[in-house]
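Peer 1: Please work from the sequences and hints to get the whole structure.
Quick note, the sequences are listed as chains C and G, same order.
Going left to right, the first sequence walks through residues 26 to 106 as our numbering numbers them.
Going left to right, the second sequence walks through residues 911 to 1298 as our numbering numbers them.
Think of the hints as simulated: they come from the structure by calculation, not from any bench.
Be careful, since some hints might not be right.
Unchecked claim - Computed cross-link-like contacts, SDA-like style, restricted to lysine to any residue with a CA-CA straight-line distance of at most 25 Å: (1) C:K53 - G:F1076; (2) C:K51 - G:V1277; (3) G:K1082 - C:E85; (4) G:K1082 - C:G62; (5) G:K927 - C:L59; (6) G:K1087 - C:K53; (7) C:K51 - G:I1073; (8) G:K1082 - C:E66; (9) G:K927 - C:F102; (10) C:K54 - G:K927.
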Amino acid sequence: MVDLSTIKPDEVLDCKGLSCPMPMLKTKKALQKLQSGQILEVLGTDPGSKNDIPNMCKKEGHEFLGMIDETGYTRYFIRKK
Amino acid sequence: MAFGEVLKELYESIFRKNYSPVLGGVLLALLVILLEMWYRPWGIVGGLRNWGEWVLYGIGFLEEAPPHPLWFSSSVLDIGLLLGAFISACLAQEFGIRIPPKLEVIKAIVAGILMGIGSALARGCNVGGFFMPLANLSAAGIAMMLGLMIGVFLGVKYLLWEIERFSSQGGKEISMKKISPLLGVIALIILFWGAYDYFSSERENAYLLGGSLLLTAGIGFVMHRSRLCMVNAFREPYLSGEATMAKGVALSLFISMLGILFIKMADIRDPMTYVEPTFIWGSLIGGIIFGAAMVVAGGCGSGSLWRVAEGQVKLLIVVIFFALTNAILRYYMDNVWEIWDKGILGSAVYLPDVFGYAGTFIILSLVILLWYIFVDWNEKTEKFVIGF
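Peer 2: Take a look at the structure:
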């Protein structure tokens, strides 16, 4: 298991305040720019993302490392395939 | 396992976890059929227009006062949906005021105006112009479905163009997590107190409105729990190939159609209910405009409303401009240009008049089945996927 609280992401993507489908589109776009194995942290506020981001990772083959609920937003961690 | 744990698990799966689109679709169909048996077909735009008309009356644009929102059935349907979705969002602690970045605000205004225009031409949004007319055996439903497919394709093209050029950031959320269960309980009390008031009223159709309020609250709750989204159903086949939502909506549409077929065969409702003079141009062109706009908005008629109830400010802006544009445009179309009598946008075609009930059932089943097969095949082959 990866300890999410100490993880160092290579890129942080701010999707706060955005609603479906923008967080998903931006996440996919950001992942395109990363190298294989690098970690993307997404900050989001859309409740739909809690299902959409893990599902997208499964479909595309990226590793979904987990999420942390903070006050007012959620942090998602993805390792690019 | 202890009894308490069983209860807790049940509570979690009903009030906190998300339902699958298939479960959401089946429950939605059940409620839609019950509502039509109880009183009238489900709709969204009529209520929004009523609220828009009150604003127009307030600023002096309209001379006559529109019907009272609490005694106008279309409006009661929307109030019910908002309450149900709000209760769902609060009990799941998903309610929060989500403030979008600037670009999203501009998109919301433009998309809201276009949704108002599209729904005026088609005399309904995705619910009152596509889903319900199709379930009510009107040819217009098929025409708007085609329009939506074309429009959504254009909308997706725009989103892909935007994502390459702009990066909007700086939105935020005002968290309501701590107080949201309390807000949910208050909304529940308002819902049942409101329904009680309708049922104990002396007014002629009051109990009908009371039942409608409860049933649409059920619709709002179910839609929010399953995040049932017709934008997603039409968009994802182009954007990612994902067909789960499309299949849920297709199933929902089939069950609704079957139920309402029996309602109309039994003469419980006037056959021409939700059969509007928009076949084919009003529904097709309206569908194209509405389809493109709902992708940019990130919510259709029903989907925008349940997202408002979870605190999405972008969708609130969409709904305001949607309601005002529809109210203004329909005022001119109905009273000034008298467009419907001239038959410019098409005619009212009740499919059983042409094909009989059996023929209509076969045709509509085939339309829904073809859609289902198309999205399923596309999910596997990605033939129509233009996203990345």
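Peer 1: Now look at each hint and say whether the structure bears it out.
Peer 2: Checked hints:
Taking the CA atoms of C:K53 and G:F1076, the gap is near 15 Å; set against the 25 Å cutoff, the hint holds. For the proposed pair C:K51 and G:V1277, the alpha carbon gap of about 34 Å is over 25 Å, so the pair is violated. For the hint pairing G:K1082 with C:E85, the CA-to-CA distance comes to about 28 Å; that exceeds 25 Å, so the pair is violated. Between G:K1082 and C:G62 the alpha-carbon distance is near 29 Å, which puts this suggested pair outside the 25 Å criterion.
Between G:K927 and C:L59 the CA atoms are separated by roughly 32 Å; this puts the pair beyond 25 Å, and the hint is violated. With a CA separation close to 28 Å, the supplied pair G:K1087 and C:K53 exceeds the 25 Å bound. Among the hinted pairs, C:K51 with G:I1073 is consistent with the structure: their alpha-carbon atoms are about 7 Å apart, no more than 25 Å. Between the alpha carbons of G:K1082 and C:E66 the distance comes to roughly 17 Å, so the proposed pair stays at or under 25 Å and holds.
For the hint linking G:K927 to C:F102, the alpha-carbon distance of about 21 Å falls within 25 Å, and the restraint holds. Between C:K54 and G:K927 the alpha-carbon distance is near 29 Å, which puts this suggested pair outside the 25 Å criterion.
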